[in-house]
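Trainee: This is what each chain is made of:
Protein chains: 2
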Amino acid sequence: MTEARTTQDVQDTQDVPETRRARGVQGYNPRTGEPSGPPIPESGDTDVDRVVTAAAAAFPTWSALPARDRADALESVADALDAGSEALVTLADTETALGRPRLTTELKRTTNQLRLFAEVLREGSWVEATLDTANPDIIPPRPVLRRMLRPLGPVGVFAASNFPFAFSIAGGDTASALAAGCPVVVKAHPSHPGTSEATARIVESALPPGVFGVVHGQQAGVALVNHPAVKAVGFTGSTAGGRALFDLASSRPEPIPFYGELGSINPAVVLPRAAAARPEGFAAEFAGSLTLGVGQFCTNPGLLFAPESLVPALAAAVSGAVGGPMLNERMCDAYRSGTEDLAASGLAELVAHGTAPAEGWSVEPKLYEVPLAGFAENLATLTEEHFGPAAVVVTYSSVDELLDVLPKLPGTLTGAVHAAEAELDDAGRVAEALRPVVGRLIFNGWPTGVAVAWGMHHGGPWPSTTNALHTSVGATSIRRWVGPVTYQSWPDELLPAELRDGNPLGIPRRVDGVLAVH
Amino acid sequence: MTEARTTQDVQDTQDVPETRRARGVQGYNPRTGEPSGPPIPESGDTDVDRVVTAAAAAFPTWSALPARDRADALESVADALDAGSEALVTLADTETALGRPRLTTELKRTTNQLRLFAEVLREGSWVEATLDTANPDIIPPRPVLRRMLRPLGPVGVFAASNFPFAFSIAGGDTASALAAGCPVVVKAHPSHPGTSEATARIVESALPPGVFGVVHGQQAGVALVNHPAVKAVGFTGSTAGGRALFDLASSRPEPIPFYGELGSINPAVVLPRAAAARPEGFAAEFAGSLTLGVGQFCTNPGLLFAPESLVPALAAAVSGAVGGPMLNERMCDAYRSGTEDLAASGLAELVAHGTAPAEGWSVEPKLYEVPLAGFAENLATLTEEHFGPAAVVVTYSSVDELLDVLPKLPGTLTGAVHAAEAELDDAGRVAEALRPVVGRLIFNGWPTGVAVAWGMHHGGPWPSTTNALHTSVGATSIRRWVGPVTYQSWPDELLPAELRDGNPLGIPRRVDGVLAVH
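Just so you know, the protein sequences line up as chains A and B, in that order. In this text, residue positions in the first sequence follow full-length UniProt numbering: the first is 1, and each later residue adds one. In this text, residue positions in the second sequence follow full-length UniProt numbering: the first is 1, and each later residue adds one.
Simulated from the structure, these hints should not be mistaken for lab results. Source: prediction; values computed, not measured. What you were told as hints is all true, and nothing was included just to trick you.
Here are the in silico distance ranges between beta carbons for each label pair:
1) G502(A) <-> D492(B): 35 to 43 Å
2) P38(B) <-> S345(A): 53 to 61 Å
3) L65(B) <-> A134(A): 32 to 40 Å
4) P66(B) <-> S345(A): 43 to 51 Å
Examples of chain B residues toward chain A, derived with CB under 8 Å:
5) R109
6) P141
7) P143
8) R146
9) M456
10) N467
11) S489
12) E493
13) L494
14) P508
15) G513
Chain B regions said to be covered by chain A (calculated; three or more residues, Cβ under 8 Å):
16) 122-135
17) 149-159
18) 419-433
All C-beta atoms, glycine included, are put in the ideal place defined by N, C-alpha and C.
Construct the complete structure from the given sequences, taking the supplied hints into account.
Mentor: What follows is the structure, encoded as structure tokens:
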């Protein structure tokens, strides 16, 4: 997601005016623009140091727990959150205006995510246990080697605005890092401070002391990234904020990995026959994906390549769509000014806008149009993300011309191709053109709705993330928090259980290069 | 390895004086200090651009080759290098003075490494093929997902001075990146430019055009890291040079992963009974590891924690050891001045020095001694690496006191523990104290001699590397060059073979979370 584009923009708290910040982090009701709940005190440097120091103190014990015990602990957290669902959803709806049905589902997704990582821990292959026997006859000679992955240390997590549960206090970064054996300190998002505190209290109470902590405020985020005991950071937020924190993490005396999930334009290509087959149905689905959650998704489809003939149906669908209140005032302002600037630039034509409820920080859905040639000439400007329910439809007449332009798109989390049965060859060519710039390729579907699964990849080339090797959703997101250790010629009784003779844990292991499932 | 410590030190070419650099990169014979062979022209920015552009052009075809065909190509490279062994070893011995036996073995290790990656490609689990079936009943619903790893794009590799074959033109970084499907551009090391050119001609001739290229000169290295088409960089060299290049890579408009294998102090702990059991034998093994290859290894044991009673044997062994010529003049000067400064500092006492042949850039082995308390007080200074055959022995009287100090050591590639049968409990405690700061734990052995295997980890926490998640040696080093892509609801006929129904390649895959070996 992209909320801001200034490089001084380290994090999202600057939407809290300076005068209010002295009082703490204040939540607001997006439906009214009025304060919601008491302000939460900002964490000073000493607060951050206290929480991180507690996390560092908890690391040896938490990381040494048998993985199955950590699995039990994750399930306890999930159970406690499920038990608190009613109150959490009520609080979150007041602070985010995302609606009770969506928030109830999101919290369930969040607890299912914790349970997926319990499953990952019990399955055991996440440690990549690898055993080599000795071979003195090769060059160089090989001693007995046993390798596995171990947690890095305390992890900092920056919560997102747009998922107050699933990418926040107990979200995917937290779940995967706790699963790995890393204590977690979350920098709460200022758009839902009350929800963050309530969630944090539940998570803390379900875990050993120090294993989980929370801090509030922009300066606390900077202190968290700079703290020597923090060994990796996960972040979901704006490109500008993520880049600034990535730069901080990379320029520390001891640089640490920074996993930022940033802005994404999520191109979709509809091929001619698919467009012609059912224009109204397709347009309705597009508008549905575009306006879901007031367009406040990393996976919002902001760019659609379509035949000119589809534009009337798309315009009709967007005209009929209803917007809603955005998560905070700054996002609302950025959406309004960004989309107005786009119209004023003349680089794309506003062809439709929907309506918005007359309340708080509400915005209208918008659709812009530009022909492929004009898009290619102004690609950088026209691929800027306008976080919210706005999209640009790029009209094309030749798939070949499209193939020249698609590889020039900025890195993005997803790319979708819509094709009829008879145009699978072209779908394959479009996919090959898109693949180098996307993390997930979707066929005849929409990018919103990110499944939490072993096979999910929620990541992509810069600027969609700061590290194209990793995902922030799905089972393999645990790998961000672990590094290898190899034991050479080590006595069996001193080895971790995962590497001992006889495979006492019964986990999948690789022995002399051969993967074996117990 | 650490060769230099100034931050302006982007790469190792500054050991070529400015006046000579205009003529190109000149190799020298370390046994005489005289030029060896003709100078190799430095690559200008346009040369770098041409080579990288050719690599980018080769990427789609090379990455799309079936992995088994890339395996065949790697074996062709290995065969061609083996066939050229005689000439390559002769040239390398002139430029490095490492000796024909070592260099013959090193080249064989290099070609075995290429063959290991052919094996990795044929085995197939390196792509982590992951298939999820649809499940509409969970929250969030799961579509059909198929995930695998794909190569990132052209890779830049910085060759090391101390392994003219195994960590150079056709070394581990090159082999693993080529295996992954990434074309490679190597920045040759200036200490063996002739060997680099001769090796590069052989590698190039065995591969399709553009898949492999080489550049020479410090400025070429900077241009390589900054080139927009380069998507990741591998580096083996000094901490200062590696940090400078890491900073470049991280501050690009599009930051890219930089995998630097840097300095390492490689602590070894000998417990009292192991020390008492056979002091002379132990000391001889220590001196052998310390002086192997004139101490020019990343894994050289630069720090030994031992009972005071062992020092006479250690001193005797080092006194009897013979040094040799270092790889280049700057390294030789740095070793001499660094070890002299250490003696002058009074922080540690010079207790023994060996002899050196009266030729070229030869240096003597040296052993310093400091009690544990004094070491702890000056830990930062006393853990500086003096690249070459020098070590500090830290005397201790209590294992408990040792346990307080070991976790404060800087991140390092290896840690060794020497223990008798009766002191395994203490060995376990020492290992736990060392584990957070090391990548490989060795029992009753020495760190030099890095096996190339599935279970090897050659990496570690900063400052031993810039990224503790990865290894530069062994099968899993391929992971540095690949990122995931997920295909959602994708037609089977458009999927890569690795992900198709029925597993046509017969590779290990994970289906709905369950790992299955074909």
